[in-house]
Amino acid sequence: MMKRLLAVWHARNLEFVRDRGTFLFTLILPVALVVGMSFVFGGKERPLFKVGVLTRDLQAQSHPFLKERYVDFVAVADPADAVHKVARHQLDLLLDLKGTTRYWVNPSSPKGYIVEKLLLETDHGARRQPVSGDAVRYVDWLFPGILGMNMMFSCLFGVGYVVLRYRKTGFLKRLNATPLSAFEFLSAQVLSRLTLSLSTTVFLYVGTATIIHFHSAGSTALLFGIALLGALSLIALGLTIAARFSSEELVGGLLNLLTWPMMLLSGIWFSLEGSPHWVQMVGKIFPLTHVLDASRAVMLDGAGFAQVASDLAYLAVTTLLFLAFGAWSFKWRME
Amino acid sequence: MSDAILEVRGLVKQYPAVRAVDGVSFAVPQGTCFGLLGPNGAGKTTTIEIMEGILAQTSGEVLYRGTPTGRRFREEAGILFQKTALQDFLTIRQSLALFRGLYSRGLDVDEVIRLCALEKLEKRDTRKLSGGQQQRLLLAIALINDPAVLFLDEPTTGLDPQARRNFWELVQSIKARRKTIILTTHYMEEAELLCDEIAIMDRGRIIAQGTPRNLLREHFAQVLLELPRQPLPPAASALPLKLIEAGDRIEITTDDLDATLRQLMDAHVPLNDLRIRPPNLEDLFLELTGKELRA
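Quick note, the sequences are listed as chains R and A, same order.
Residues are numbered in this note's numbering as their position in the first sequence, beginning at 1, plus a constant of 46.
Residues are numbered in this note's numbering as their position in the second sequence, beginning at 1, plus a constant of 10.
What the hints contain is simulated information worked out from the structure, not anything from laboratory work.
Watch out, some of these pointers could steer you wrong.
[Said to hold, decoys possible] Once the Cα atoms are required to be at most 20 Å apart in a straight line, the calculated PhoX-like pairs of lysine-lysine come out as:
| hint | chain 1 | residue 1 | chain 2 | residue 2 |
| --- | --- | --- | --- | --- |
| 1 | A | K93 | R | K214 |
| 2 | R | K377 | A | K93 |
| 3 | R | K377 | R | K214 |
Work the whole structure out from these sequences, hints included.
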């Protein structure tokens, strides 16, 4: 029995090593994951409080409050945006150090209450500017992330593995013998997956919003548009992988290579605010980041079309690019 | 050839390590069944797949009704590959409807189901079909666009004898509709029964071409003697006869049966298990290449 087992083990190892794409990818993915995780979760211990300071250069300020420990001071340039963040509990306090110190705090924020006490310890004369507004519950913030993640898996893996299976079984080769063009075939796959993905997303949205008592601050039609373009872009991205390869392991690996960075850098679970600038820029490459940024802006802040137009444009352009690349590199049959 | 519906000229397919098709040319008249015969690896499937437009040739051309094959050809050609998997979870009727939707014209799904005797199976999942049923479905799919040219690539390989005969009957009924058929096979019986003209391929080249009857007449004398393969008496090696070893037997062709039998008896060759029969295409292939077709 051992002889047979070893023979099969050896043959499988040879197959794996000789499939160079899969082999290299298997080596690269863990390294990429470790590097990615270290950037996202690494660094100093996270501070307890977050205070915005209206200034261009934080280092040039010498107010004694700025020496407090466990407070993360961030320079902010846009006063209106910063006040809005105080209202939504995304900043615990906002400071203006020009002349007499002024600060904005939301009286209903527990962390705002404590950080205000710390400020007044160092500056008795600071003038209070109360701001009102409801906190963004984490569940409300997470909600679009979960929907987006579900959409990402459905679009990438759904279309990727299906086309791969068609190619491996020879079904694609049979279709190639008909008048069907690669573009027609790919478009049919996109539309089929789009129908499924959008139906699931709408169902999940309605169901979950009912359970967690959530109401979108912005237009539902605009949200649907974001989901539509987002799903299109993600499906087309999946097709770029499925267009060419015939190895399940390689396709599975490449799909993981796409999904894991999106899981970490698209802001599904936590905001990347405060991460290094370049990490945020890398995150902006992925379509899912634009889906989540736009949908959170609409759902939480009531953003309109104009505010999310750049995200929508990015999704539309990437859809066309991915589809064009997929059609160009498409192979009907295995090599 | 003026009435040729398909013409292949100087076809070459070069892979890095092997020349699979090496300068093949032939023409197929409309309404005939043309057979490409040869053992595995002879280049039959590569040739037929280039004709179908599935594979790109290295050089040479394929003409359909006098012009290079293109979109019109895809609309008017029906194809049955050696191996084809269909979409999972679809019934026979749904699979046929899918392919019918890919062509601008063709037969009704009901008509094709009737033609290929699939009435009792039309609601069955295509994954649950026997080998013979699967081939009938694939033939039905190949016929769904009412093709002018039908390609059948080793359509009965792997079928049991009964399923094979049933399939031949189906192909004969399609032939009766004046369809042009291109058939590859390594079953000589199949070729003799269905083909009007055959081309025998070996190592990427056509080594003989013509009607089965003419080819046999051209290459063979009247009869063929078969002896079991056994050690022959020393005198046998000196006989003026061409002895070909074929598997478990020895074959001798002759146009003078009486004289040959006398020579064998004089050489004390045991004739207890001697068989005498007319030569067939299988013998022709052996004669031409020294190899057996299904080796």
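Consistency of the hints with the structure:
For the hint pairing K93(A) with K214(R), the CA-to-CA distance comes to about 11 Å; that is within 20 Å, so the pair holds. The suggested pairing of K377(R) with K93(A) holds, with an alpha-carbon distance near 18 Å, which does not exceed 20 Å. Between K377(R) and K214(R) the alpha-carbon distance is near 11 Å, which keeps this suggested pair within the 20 Å criterion.
Hint compliance for this structure: no hint is broken.
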